[in-house]
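Participant: This is what each chain is made of:
Number of protein chains: 4
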Amino acid sequence: MIITLNSTANPSEVKRALIDHGLWVEELVGQGRVQFRVESHSAQVPIEVVQALPGVELVTVRASTHPRVDQQAKVVEVGAHKIGVGQPTAYFAGPCSVESEDHVRRLAAKLRGYGVKFLRGGAFKPRTSPYAFQGHGEPALKWMKKAAAENGMALVTELMGSEERDLVAEFADLIQIGSRNMHNYALLKHVAGAKKPIFLKRGMAATVEEWMGAGEYLLLHGAPAVVFCERGIRSFDPSTRNLLDLSAVAILAGLGQPVVVDPSHAAGRRDLVGPLARAAVAVGAHGVMIETHDAPGHALSDGPQAVLPEQLEQILKGLDALSAGSKA
Amino acid sequence: MIITLNSTANPSEVKRALIDHGLWVEELVGQGRVQFRVESHSAQVPIEVVQALPGVELVTVRASTHPRVDQQAKVVEVGAHKIGVGQPTAYFAGPCSVESEDHVRRLAAKLRGYGVKFLRGGAFKPRTSPYAFQGHGEPALKWMKKAAAENGMALVTELMGSEERDLVAEFADLIQIGSRNMHNYALLKHVAGAKKPIFLKRGMAATVEEWMGAGEYLLLHGAPAVVFCERGIRSFDPSTRNLLDLSAVAILAGLGQPVVVDPSHAAGRRDLVGPLARAAVAVGAHGVMIETHDAPGHALSDGPQAVLPEQLEQILKGLDALSAGSKA
Amino acid sequence: MIITLNSTANPSEVKRALIDHGLWVEELVGQGRVQFRVESHSAQVPIEVVQALPGVELVTVRASTHPRVDQQAKVVEVGAHKIGVGQPTAYFAGPCSVESEDHVRRLAAKLRGYGVKFLRGGAFKPRTSPYAFQGHGEPALKWMKKAAAENGMALVTELMGSEERDLVAEFADLIQIGSRNMHNYALLKHVAGAKKPIFLKRGMAATVEEWMGAGEYLLLHGAPAVVFCERGIRSFDPSTRNLLDLSAVAILAGLGQPVVVDPSHAAGRRDLVGPLARAAVAVGAHGVMIETHDAPGHALSDGPQAVLPEQLEQILKGLDALSAGSKA
Amino acid sequence: MIITLNSTANPSEVKRALIDHGLWVEELVGQGRVQFRVESHSAQVPIEVVQALPGVELVTVRASTHPRVDQQAKVVEVGAHKIGVGQPTAYFAGPCSVESEDHVRRLAAKLRGYGVKFLRGGAFKPRTSPYAFQGHGEPALKWMKKAAAENGMALVTELMGSEERDLVAEFADLIQIGSRNMHNYALLKHVAGAKKPIFLKRGMAATVEEWMGAGEYLLLHGAPAVVFCERGIRSFDPSTRNLLDLSAVAILAGLGQPVVVDPSHAAGRRDLVGPLARAAVAVGAHGVMIETHDAPGHALSDGPQAVLPEQLEQILKGLDALSAGSKA
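Protein chains in written order, with the working numbering: chain Z, 152 to 479; chain F, 152 to 479; chain W, 152 to 479; chain G, 152 to 479.
I should point out that these hints are in silico values taken from the structure, not numbers from a laboratory. Every value quoted in this text rests on a predicted model; they were computed, and no experiment measured them. Positions of the beta carbon are idealized from the N, C-alpha and C atoms, including for glycine. Fair warning: there could be bad hints in the mix.
Rough simulated footprint, nothing fancy, chain Z against chain W, three-plus residues with beta-carbon under 8 angstroms [stated by the list, open to error]:
no., stretch
1, 289–296
2, 412–419
3, 425–439
When the alpha-carbon atoms are kept at most 16 angstroms apart in a straight line, the in silico EDC-like pairs for lysine to aspartate or glutamate are as follows [what the hints assert, rightly or not]:
no., chain 1, residue 1, chain 2, residue 2
4, Z, K293, Z, E228
5, W, K340, Z, E314
6, G, K346, G, E301
7, W, K296, W, E314
8, Z, K346, Z, E252
9, Z, K261, Z, E301
10, G, K340, F, E321
11, Z, K340, W, E314
12, Z, K293, Z, E321
13, W, K296, W, E360
14, Z, K297, Z, E314
15, F, K340, G, E314
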């Protein structure tokens, strides 16, 4: 935001008023009218409010690069369930990779009992090594769909390439774009054509603006809605797998955008999943996604970060209490 | 952690058992016994537990670089107040820079009414520009001490150089080392000699291990206790002033270390202070520090991120409810 | 690397010998034999050398996650030209986006005169905003191919989605995978099937290991060769567009991998292109890629970072002199 | 930079002209005159040039936060030697920690033979662990001074606390402020009072602007000159100890600021010291600082990254040839 003062303004007074509104301002150097530059890490203040301050002549701002995202509905419907402002916290759970029909059906039945409404599981897996297990593909989709349907759950699963779109769209209620593909614009355009709501994970080095820009690709090319999912960004500290950025979640929630947190991938550490899930709900996330497995040692991927079903039950009970307390 | 198997072990079975405990393991290549390397972003598992697994011959680990920190008490006493495991959330509030005796006394009286037990304020300010206001120095210490004493509060204030130690130690109950000085080992050693508890902010690019190592300098050289304070680290995203790392808070709290969160400096955005304070309490922080000013436009530094006293009151009421809910 | 000593070893002596070889070592804590852990930022020393040191019983290392990359040829043939160890520095130049047949043909003729052997230009453009120009597509490929053929140049161009593979493979001599797609494993597998050498840009938050792992996907699935291209990674400093990492280039060149540097995208600043190109050649890069345009103000993308043809001529003359001097 | 157009301007034409000058511009949204914002990663263009473009009414810029640095001399005199624009590359070498009088005298004699004019060595060492060797202190200063004097060299050594100022200033020709103290403003002010030129290492998470701001503290408080030294910043990739940022060096050199590169601490890898030193010279650095030890295994700190004297000799011969070639 750039603020140009009129010729009779008292710059110090205007500056104080801007700071009172939570704006970091810097006076620019030059001839002519006094101009202030507002820094990007300022509180969000409507342009009309600034324009109306005594002494202000002109206010200009950067145009939004994601107008459709700015205007999307605050609540997303996924099958029979809803995610977003004013809705109960949406719980997503399930294994990283789906292993067998029997396995996912038994697990889903347990999860339903804990209040999980969204079954997550991988059929196509993005793996850093080409030699790692890449997912069971189509059969896994069928197994999951059956498990979800039996338990009244919506199904969320990731798609990695354009060629998988129609297949995944046939089974998934919410199509996940993983963090490694957030910048994959060809995929975003293509997937949007499936006309399904999208679960868009943040890229590991994406700014909030770039993340919303990826959402714009989806909405512009036909997706009905985007749910944003924070799963940790890259950092210099090896004590967690990624660095969970809850400020970004607070920003999106503050804008009314549907936003979910995945503490499992963020931390990579089972012992931090509970505390980070609590923080996510407290900061305003509309949902949490938690990897769950009844025998992590046998999981086909990411076993160390999966919690046991009984651990999940305790975590979700705590989240329920937290939500109740915070509304009291 | 490096795990060497015995000659009769079944490596796959041992690996599954390790994953069941939340450890990310990688088999190393070489002759002789099978060895597994455990990654740093694994859950914390006691060495005895791993040693006792069938098939395990030898377990070695990196020695702690901060043995005194590892063994410090889980509760720190600061004047009449306590911070740490099992204590009520400690609320720290006050202005970035102290402005006048009258001002800080009036503000402190209000803060006491909201349940704030720790008065914070700056007498010596680290500023990126040498031309910025550098603090009122000794008079500010006296003003704050008076305000704190009148209201039964403990005083926390920052010290920037060795030469200020005795002066600050005379007035402060808890001495703050700012993030820019976390790596200033000469200062750490010197300040420790004041025998006062230290409030140690995390360096803006410090790992959790380095932060705890700075704490070790303090305890080794005479400080009775260290309270850690997370205030955001450096990141590539300009949408917040710094990036609040609540995973680090969860790690420290999980180790029983006293840890506080400063959402004001982390976000730099007044509109995010409330949500991030909530997340801090939910993740397990033992306290929150919130910059507060009754006329931010007149603040001598960091006005845009300060909340008004009445905003603080609402935030703290919400934190009380959250704590109550989470214990229900 | 983990080093286990034998029962008669003198740990201090072994440690000194390891340091003499450039290894950062840490003694691990545990019962049984003494073990040293070697840090990842150590000099590369063959396992046999360490194994042969007096007192060493066992040496284990992490298995390479990219064995095919490790063994690929040190020189890549692209049409009539070569890139790699012992070859003259390969010069890549051309516009960010191709604009018209006439334009690219005139430009190519100039570039040939300066010693440029690789024509680069975009037909399909990855853009952060869905509203930005996305490239002229197939016609642009034809224009570029004609321009390259007329001037005896090889053509390098980027492909964004699997559906473009056959089209791009028909025209390009070297297929570029952009930084936003380095982690797009579905695309890597598919493109590899075109059996053309690949120009693989580093992801903006990818480690060197992950970058080589992406190369492994390509070689495993059929690509004959991979040329790595460093184009800057994400950083906290807004003074350049990205942060050029020449250490990574030194590492790859030291391993005999063909590696090229793109200073234009790294810096985003025309005034830094020359100095950074010089540094790239000095550190051991086998080529440099420089965006060039005769009227940057009319460029369809990235004009501000493009150099003029006459500026390119000066830069390349300087690189020739530098290469000559460094071999003198 | 903010550019306001006059009422008759053609915005598209002005934008093209700005891009032609290497500026990244964005049109701001608002009522009244058209305004362009120029991004920070643009080429440096004098304000007068922009002001003179047809259609431009007003140009404002951020005020420099380091006016004294902007105006300091382009060449710094240190004893009998000079560093800066137009001078031969300054070679700095010596051990990380000084060990004995005899040792440093023997080493210095060798280094002189290779063309090293600046002897570096540590008497006071900043160590991450309080249990690591902290330097020999005052005796080490005397040993180094003697060694430097015998060989006609200038002495560079680090100071960690205010209390060491007078002692270090008595012996050092150039006083080093280490990267961990770049933000230690109390120390900067105090050390400046010694009236000696300062060798200012970049903080591990400091922007170029903040680094220059630290230089401003020094010049404002009495230091006669500042030599900047890049030694790597923090990154997510563990393959080097730090990430050498040669773009920052190009920026400072382009501004005429004296700037030196320390590839030893940046990489931490002996095998990369030579290539990175070459890149430093090629990008425009006025000097390089290389840790050198005749028996790295016996070094009291940082042995793995030290090169042997005979390796240094080869590296410096290569740098001489590179400089000659690049001027040819």
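Participant: With reference to the structure, classify each hint as holding or not holding.
Facilitator: Verification of the supplied hints:
1. 289–296: Three-residue rule not met by the stretch 289–296 of chain W, so violated; n is 0.
2. 412–419: violated (count 0)
3. 425–439: violated (count 0)
4. Z/K293 with Z/E228: violated (22 angstroms)
5. W/K340 with Z/E314: Roughly 12 angstroms separates the two Cα atoms, so the pair holds.
6. G/K346 with G/E301: Given that 16 angstroms is the threshold and the Cα spacing comes to 24 angstroms, the pair is violated.
7. W/K296 with W/E314: violated (20 angstroms)
8. Z/K346 with Z/E252: violated (27 angstroms)
9. Z/K261 with Z/E301: Given that 16 angstroms is the threshold and the Cα spacing comes to 12 angstroms, the pair holds.
10. G/K340 with F/E321: Distance ~24 angstroms between G/K340 and F/E321 Cα, so the pair is violated.
11. Z/K340 with W/E314: With Cα atoms ~12 angstroms apart, Z/K340 and W/E314 stay inside 16 angstroms; holds.
12. Z/K293 with Z/E321: It holds: about 10 angstroms lies between the C-alpha atoms, which stays within 16 angstroms.
13. W/K296 with W/E360: Status violated; Cα separation ~34 angstroms.
14. Z/K297 with Z/E314: Violated, at about 23 angstroms.
15. F/K340 with G/E314: holds (12 angstroms)
The structure does not agree with the numbered hints 1, 2, 3, 4, 6, 7, 8, 10, 13 and 14 stated previously, though it agrees with the rest.
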